[in-house]
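Participant: Heads up, the sequence shown is in our numbering, so the first residue is 84 and it goes up one at a time.
Bear in mind the hints are in silico, worked out from the structure with no lab data behind them.
No experiment lies behind these values; they were computed from the predicted model shown.
Some hints here could point you the wrong way.
No farther apart than 25 Å at their CA atoms in a straight line, the calculated lysine-lysine pairs in the BS3-like style are these [as the list claims (entries may be wrong)]: (1) Lys-264 <-> Lys-307; (2) Lys-264 <-> Lys-163; (3) Lys-307 <-> Lys-107; (4) Lys-337 <-> Lys-425; (5) Lys-107 <-> Lys-163; (6) Lys-125 <-> Lys-409; (7) Lys-425 <-> Lys-409; (8) Lys-125 <-> Lys-153; (9) Lys-307 <-> Lys-163.
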Amino acid sequence: MRLFITLLLLTVLPCLASPRVELKGLAQWHWVEADASEPWLKSWMRRGTGQSRYDDTHGLELGQAIVATKLDLGSGLSLKGVLNGVADQNHSINFSQLYGQYTPLISPNYQLRVRAGLFYPEMAFENVDTGWLSPYGTSFSAVNSWMAEEQRTVGVEARVSFGGRRARSPHSFSLTGALFKANDTLGTLLAWRGFAVHDRQSVLNETLGFARYPSLGPGMPLEKQAAWVEPYREIDHRIGSYWGAEWDYRGQSKLRYFYYDNNGDPLVLGRGGQYAWDTRYHSLAWQYRFNGQWRWVAQGISGNTLMGADIVDVDFSAIYTTLAYKQDDHLTSLRLERFITKDLDATPYDDNNGDGRAFTAYYRYQLSPQWQLGLEYLWMDTYQANRQQWYNWSPNVTQRQWTASVTWRF
């Protein structure tokens, strides 16, 4: 991908006189109060089995540091990048997105967009703020928390859209398709930790550690699997794909369907204990605007992930619904969600069954164009069978977390 960006710059920039640069970003600080003192509630970011980003050891934290840039090269060509500063686990600064985009004019009623590089598939209506954050809460839903951790496209995507407004139609449509490599380890975190609720995005070439489950230890069936995941690894040299469609009615109601298949070869084991996982799922998302103040956002996914010769075989599903109200400088939202992992394999001492529910309430006040204040309450009730791999640890836990946030934008 670095070679792609370099070649694009060397080829295009000398031909263009005055490219335009757009720069925006933010820093967000969190003050966290969490009732997670039991050893099995230590955050997964600290190699525990807790399913939130924070635990009772956290107080004042730098939650987000993001710089988003757009270089307009003219003739429908642009370069986009999102640089994230990560203050927990790896303390790194790198890109979460970096890609070239081409949007030529092909017809008054039809639009073509091509992206190449590192980016998120546009499956949901939740993460639409700067740097793929959510305007509806400090944390993301479990669906998009997982995508922020493990999923990124490193490839080429094309989208064709029909704009109904110019054709005097209330309906607009789009079709999307992509081919990609890397993302071979997708599914690792779901299999052991299960779904989580947080706002942590992985960055390019980052390694994410998780709990050192005894089932991954020496002499166990899973001893070759490391207690970490490398989300950007290419292991099996196979090409994955995703395909999607969107229907938009007057900008009031939008419906998106996507099918994702990383086409992994689950029998391939790469260096550092990283398997290629065969992960595929369906995603259906809906956004409905009741009026200028009220908005409803929902999404559900359902799929399967497979690793090894049926060593790990897990069905997964998750759904959330968010109701948001915005009036002047005030925004309030409520989110309900359910997430499940179902163990289908017979591997001993490695029960991957999980079941969780979460409720999130959020309030945000726009203090000025640059400053925002926020307060979020998160309640999560989860069952993760593999917590019982440790003596006297409970598989059933309830976590509560308050997060006060201050955001500065530029």
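Participant: Failing hints, ascending?
Facilitator: 3, 4, 6, 7, 8, 9
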